[in-house]
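Trainee: The residues making up each chain are set out below.
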Amino acid sequence: MHVEAGRDGNTVEVDAAGLSSRELNLRLRELVTAGATHIKLLNVAGQRYIGSDLDRPVTLEIFGTPGNDLGSFMDGPSIIVHANAQDGCGNTMNGGTIVVHGLAGDITGLSARGGKVFIRDDVGYRAGIHMKQYQERCPVLVIGGTAQDFLGEYMAGGILVVLGLTLGSGHRHRANFVGTGMHGGVIYLRGSVESQQLGKEVGVAELDDQDKALLQGIISEFCGHFCMDPRDMVAGPFIKLYPRYLRPYGPLYAPTHRGAQGQVPRWKVPG
Amino acid sequence: MTSTRQAPATTQAEAHVQAPAYSYPMPSYLKPRFRVEIEDRRCIRCQCCVEQCSFGALFFDQRRNEVGTVEQNCVACHRCVVFCPTQAISVLRHPVEYRENAHWRPEVIEDITRQAETGGVLLTGMGSDKGWTCYWDKLCLNASQVTNPSIDPLREPMELRTYLGSKPDRVELDPKSGGLRTRLAPQVMVETPILFSAMSYGAVSINVHEALARAAAMTGTLFNTGEGGLHPKLYSYGKNTIVQVASGRFGVHPEYLDVASIIEIKIGQGAKPGIGGHLPGEKVSDDVAFTRMIPSGTDALSPAPQHDIYSIEDLSQLIHALKEATNYTKPVSVKIAAVHNSAAIASGIARAGADIIALDGIRGSTGAAPKIIRDNLGIPIEMAIASADERLRKEGIRQRVSLIAAGGFRNSADVIKAIALGADAVYIGTAALIALGCTECQACYTGRCAWGLTTTDEKLTKRQNPDIAAQRLANLLEGWSHEMKEMLGAMGINALESLRGNRLHLRSVGLTQQEADVLGVLQAGA
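First to last, the sequence lines map onto chains L and W. Numbering follows our numbering, with no gaps: position 3 of the first sequence is 3. Numbering follows our numbering, with no gaps: position 403 of the second sequence is 403.
Hint data in this document are derived by calculation from the structure and do not stem from the laboratory. Be a bit skeptical, because a hint or two may be false.
[To be verified] Selected chain W positions facing chain L (Cβ under 7 Å, derived; list incomplete):
1) Leu123
2) Val252
3) Gly281
4) Leu301
5) Gln317
Note that the structure is predicted; figures quoted are calculated from it, not measured. Ideal Cβ positions, reconstructed from N, Cα and C, are used throughout, including at glycine.
All chains should be built: construct the whole structure from the sequences, respecting the hints.
Mentor: This is the structure we're talking about:
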């Protein structure tokens, strides 16, 4: 039996040692259905998809290293990881919060459409690809350190913040192809990048007051999770990366025949 | 041109709608393809045709009191022909003839001309029109004569019912109760092995989506949402729905996954293997934006690969992520385009944990694809389904997956031959659209479909009445199902299950030995 009795009404500890991903997630599903609101997962070692099918407000505290697709398709729970996360953290996430006290692997926040992901240190390749937003649903991905290539590629919405805290002084972000194909959303990057590191579809701007207010709130929340001082970071220097075009690939295609644009050639219009 | 659309709040105020096109205004050398002839004696000047033409090929000339034509805009959709109350209109091939040339055909000349004038990638719609060998036309079905009686489906029951999902390697029975001890993977039952292929809301209109859903419910089969999400008003048809998860992940959220019967991971599509999709901003109306959960007016870009799938192991991970997200309650399908190694890939997909594999051949259709991709990439579905079935059988894992074939199924004979080759079911897309008025004019990508099929324009959408459209689709499936029962009866078979992968019921005519070997069929007379 891997479950210990809860110390208080709704807090439960689960020893994940030796459990397969499916067994662990089944256990979590049962506990959440039974009304647990705070679950401590001990000895987690690579189990995947934690939090995927728990569409209720529950806090999962993970001790050990969770496997790939942590919180994929998740809608609601809060996950705190006291270690590194692997690939696919927050994949296609819909809502909820993931806080990682360490690194995260590739495709962090891929296609997220809501919720918040806070990574204290660095992330791997392809973070934030194709994040998207719709009305009040707007995902936020905050990377405390730096990221690898293809950061925010095809980004269609949401907010991506890179704080560069793990970069030594004088070092810059090394990611290439940042924001390639970006057609929505925004990236706030602390530190600098060379123009050749950016996709052709990306514009660079200073932060305006609205940006600064938005960023201040996000940074405060990030620092709250990791007990850091926001004053060190808010000062910047930040740049804002934004999509230059909402339809970057429109001109790739031969214009459709004239009728498709609803135009009748002038010489044919009567009168 | 779309300046009224709002940029998302977080983008820079000066973000432009569209990247600049590098073009120099020049006269076009393109000639019209069609001639629209309006017989003056019959025309009553009602202007119905002008109202119906959504491509700007017709206008009413007040001064001359007659309908004028802009023939280079005509796509031969026949909307005007059908709606003219006096049958005054004919759409003919334009009489301008090129000098005969087998190599430099008119289409080739026109394509080069268009690219010289635009510098762009040529888009098209629907399936390849290039006349790839159709092996269905070279396969004959068997019939019972004397030595085994044929069956009359009007007198005896015939079963087309099909269960989609992974079957166990072996079954164990409980000796006491006689019940099944083996735990079965989730199965989805369809009354006829004909499913509606993936067509996204955005590529097709909402009324078409609704008609497909209702027709699927009426005939006990399934429709596929495509990758554009599912409008909440269609959630009630969830039992008859396959929801797609593709590289854009549009409209993918827990409720979408929960409401469906089957979840399909779309890796590729027969009309455009290996490339993503760019739904142009013009088609992203407010309602499409709501369903896909992206801002209106932006391009809905689906990346070429799914960036969390770079290998069979990654695919396995997404399959299980989706199973976890739905508590292992529904089959997960993986759709790929039929390509050179699809048999080996199918084996990998089966081993990755998929319950269903959908293969889409080179004749598969699309709402929009680069023409050069549509006409050249992939292989015919007949070869792909035969080789995948064979490979899975040889490896002893055929039972682990259901195979769905797609890509240009025209009639019930094509369907039944596919099943004899080894498919469990087929997807039909083009045939369904033709049932609703499509004439294969290939202008879907313009979003101006005069039949209200491949458009998101509100006015054009109303041309499809969901009540009538659902009935037309249901009629089509009814007709094909009856014909399939007749063919089965003629073969002396009373359940489709007995025909599945039974290639002895097929004989080839006019194929090379190698082609017949790949299909695994004998020469007629042999």
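Trainee: Look at each hint and say if it fits the structure.
Mentor: Here is what the structure says about each hint:
Here the hint on leucine 123 of chain W is kept, as its CB sits about 5 Å from the closest CB of chain L, short of 7 Å. Because the beta carbon of valine 252 of chain W sits about 6 Å from the nearest beta carbon in chain L, less than 7 Å, this interface hint is met. A distance limit of 7 Å between C-beta atoms decides the matter here; for glycine 281 of chain W the minimum to chain L is near 5 Å, and the interface restraint holds. Because the closest C-beta pair between leucine 301 of chain W and chain L is about 6 Å apart, less than 7 Å, the hint holds.
Because the smallest distance between the Cβ of glutamine 317 of chain W and any Cβ of chain L comes to about 6 Å, under 7 Å, the interface hint for this residue holds.
Violated hints: none; the structure is consistent with every hint.
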